[in-house]
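Student: One letter stands for each residue in the lines below.
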Amino acid sequence: MAPILEVEDLKVHFDTYEGKQQVLNGIDLTVNEGETVAIVGESGCGKSVTARTIIGTLAQPPGEIVSGEVRYRGEDLLSDRAAAQRVKNEEMAMIFQDPMTHLSPVFTIGTMMADIINYRGKRSISWMRMIRDAIGRGNRLSAADRERCVEMFTKLQIPDPEGILDRYPVELSGGMRQRVLIAMALITDPDFLIADEPTTALDVTVQSQILDILAERIAEQNLSVIYVTHNLGVARKLADRIYVMYAGEIAEVATTEQLFDQPMHPYSIGLLESIPKLTEFDSEGIGGLIPNYTDPPSGCRFHPRCPAYMEGTCDVEQVPAFELGDGRYVACYLYEEGMDVETAASIADTEVEYEDEELEQFAAGQTGGTPPWEEDEP
Amino acid sequence: MGFRSYLLRRAILTIPVFIGLTLFIFLLARVLPGDPARMALGPRATDEAVAALRIEMGLDDPLHIQYLNYMGGLLQGDMGIALTTNRNVFTDVLAFFPATLELVITAMFLAVLFGIPLGIIAALNKDRLGDNLSRLIAFFGVSMPVFWAAILIQLAIAYNLGLLPPSGRIGVDRPEWYTGFLIIDSIIALNFEALRSTLAHLALPAFALALAPMADVARMTRSSFIEEYNEDYVRALETQGLPGRLIAYKYVLKASFASTLTIIGLDFGFLIGGAFLVEIVFSWPGLARYGVRAILENDINAVMGVVLVIGAVFIIVNLIVDVLYGFLDPRVRYGEGSSA
Ligand SMILES: Nc1ncnc2c1ncn2[C@@H]1O[C@H](COP(=O)(O)OP(=O)(O)O)[C@@H](O)[C@H]1O
Ligand code: SF4
Ligand SMILES: [Mg+2]
Chain A
814 MAPILEVEDL
824 KVHFDTYEGK
834 QQVLNGIDLT
844 VNEGETVAIV
854 GESGCGKSVT
864 ARTIIGTLAQ
874 PPGEIVSGEV
884 RYRGEDLLSD
894 RAAAQRVKNE
904 EMAMIFQDPM
914 THLSPVFTIG
924 TMMADIINYR
934 GKRSISWMRM
944 IRDAIGRGNR
954 LSAADRERCV
964 EMFTKLQIPD
974 PEGILDRYPV
984 ELSGGMRQRV
994 LIAMALITDP
1004 DFLIADEPTT
1014 ALDVTVQSQI
1024 LDILAERIAE
1034 QNLSVIYVTH
1044 NLGVARKLAD
1054 RIYVMYAGEI
1064 AEVATTEQLF
1074 DQPMHPYSIG
1084 LLESIPKLTE
1094 FDSEGIGGLI
1104 PNYTDPPSGC
1114 RFHPRCPAYM
1124 EGTCDVEQVP
1134 AFELGDGRYV
1144 ACYLYEEGMD
1154 VETAASIADT
1164 EVEYEDEELE
1174 QFAAGQTGGT
1184 PPWEEDEP
Chain B
70 MGFRSYLLRR
80 AILTIPVFIG
90 LTLFIFLLAR
100 VLPGDPARMA
110 LGPRATDEAV
120 AALRIEMGLD
130 DPLHIQYLNY
140 MGGLLQGDMG
150 IALTTNRNVF
160 TDVLAFFPAT
170 LELVITAMFL
180 AVLFGIPLGI
190 IAALNKDRLG
200 DNLSRLIAFF
210 GVSMPVFWAA
220 ILIQLAIAYN
230 LGLLPPSGRI
240 GVDRPEWYTG
250 FLIIDSIIAL
260 NFEALRSTLA
270 HLALPAFALA
280 LAPMADVARM
290 TRSSFIEEYN
300 EDYVRALETQ
310 GLPGRLIAYK
320 YVLKASFAST
330 LTIIGLDFGF
340 LIGGAFLVEI
350 VFSWPGLARY
360 GVRAILENDI
370 NAVMGVVLVI
380 GAVFIIVNLI
390 VDVLYGFLDP
400 RVRYGEGSSA
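Heads up: the protein sequence lines correspond to chains A and B, in order. Just add 813 to the spot in the first sequence (first one is 1) and you have my numbering. Just add 69 to the spot in the second sequence (first one is 1) and you have my numbering.
Keep in mind that a hint or two might mislead.
In silico lysine to any residue, SDA-like type, Cα no more than 25 angstroms apart, as pairs [to be verified]:
#: 1; chain 1: B; residue 1: K195; chain 2: A; residue 2: Q898
#: 2; chain 1: B; residue 1: K323; chain 2: B; residue 2: V303
#: 3; chain 1: B; residue 1: K323; chain 2: A; residue 2: L985
FYI, nobody ran anything at the bench for these hints, they're computed from the structure.
Model the full structure from these sequences, guided by the hints.
Tutor: Put into structure tokens, the structure is as follows:
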């Protein structure tokens, strides 16, 4: 399998009142053709920033891409603006985390669908056409396209799939808006889909239905996918490989099977062991422990929470990613390059022990409580 | 809620506002010093004559009866006799107000026509040359007092360069009266000589009057355009692959226009005030000259009439703005308010 997307040493900082937030601290990530990759981590660990940087919608300022490459089919999107534009407009699609703010409030769903279907990937549009559209002649959905929309809406279990075309977003619930956003991403037949927690706004039963549908579409359209979630269960359901992310760094990269079989990184272990505790938290959970990005922990960013923390080793230098015998990568000083899996597993078993309340913190991090910097946004 | 029921609800809401306006004007007129009957008859009239007129004018009736009489008259188009012209004030208003309205609407039209593109250019070139230039223009626009701008423009363009006429509404025989708006009347009469002359006379006062609201509109368009452009849904539209022009001039412009509309509505009231000054500078035969004379001569009926018309225009413009607002932004119709 050839890689379709390669992210290398991506560093993104934010300029805020509290100072420079060093959020992404050297992200390496690869997605192969037709593969679904999940990025998993607590709220605030930088998943959305990663996603937005890849597709090119990171707000700059306050964001700043300090270093790194994002290569899509070999072209570096960070240095080649034309390529980035083309890839964003024609090949990638994104489902955003917050359905309340990602739909234009002043047009109907039908208008937006029509524009997406008729104008996606067009470099420009003539003034004449825009005026014709504005006075209401032309740019209607053709019968066939209308049919396609309705079919897509039906698949996404939107009630009254025909009528929703004439609705404004304000008339729709959050769950409905989220499904509309999913439809808008899928209707364009992208090659590459970035889904940023697309089911967070939905209630649990609908969530799993939508996941099924997504999985089906991914298989059907042979999509390459980055699926962002704070929920390991969701990742397990969809992903071929999982990137476990902590505080702007990749902690562990493994196939879904490998990870659930035997997590190696202490953070992965904590996440997995906390899964049984998840039910104790409702969806308004308290949110995880968001690290301070203006003055992040030295060395391994996880060390203040790590039960296997080794003073003098873990807090000195940034941890490189060690490749283990089974091909997975772990950024943790417990392991060594090329270590075979049995040895690694026994280290994981003996060195990493969590207290109950620590696991509860992990569980809270996975319920997706609104992180504080997003709360005060209108 | 559909647009129609929003429209209806909003229209009905203006009725109490109208009643409030008439009540306010009525009470104001009654508490002002001076006896209308004495003023009407002049200082040499006998006390008996004044008393008789007071009874005839209903001034000795209880206040609420007087108000009902006043309202009754209004509904029949009777605003009382103006001392200065000896005609019904309503007739005077019909005669003078179209001139003012034509001036104000033209000015507003110019303000929007230039203000919005200026604002968009500024927004799209944020902090670059285009932005700074348009902000400079806007700065002059708002900081220059309207009568000062009017006099300067009149001096430079009409008197020094002689490009356009310095005063009056029209330089040829006026076309037959249909609406009182000379532009419309000359078009109806297919009298292009009159149309040309009307536009020439209108240009300078309308431009002078348009400067400040144009600057306002430009500034508002700029800031709301920039704000809207930073919204999340614009990022979504980008990933959905729409051309930049479509995003800017369809999605962002429509959403940002709602706040521009608010400014336009507010400025309209301001324009009528400004029109009083501009009319005097350009000898424009509008309501201002009539109103100023009425105030100087203590002509209470005429003053009430002028204030009522201005208030009514304000209410109507606000209604139109709200309706357009609801038309542009469905969130308003659903009572969710707007982020703008
Ligand atoms: N617009 C922004 N302004 C300032 N800081 C931001 C912004 N967006 C993200 N950040 C910072 O990046 C961190 C990670 O955010 P994000 O990627 O949204 O987390 P998540 O993993 O929950 O998606 C946040 O803790 C915050 O400090
Ligand atoms: S053992 Fe050290 S390097 Fe590994 S996760 Fe814990 S603190 Fe980080
Ligand atoms: Mg996020």
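Student: A separate judgement is required for each hint: does it hold in the structure or not?
Tutor: Checked hints:
no. : hint             : result
1   : B:K195 to A:Q898 : holds (21 angstroms)
2   : B:K323 to B:V303 : holds (12 angstroms)
3   : B:K323 to A:L985 : holds (20 angstroms)
When the structure is compared with the earlier hints, no violation turns up for any of them.
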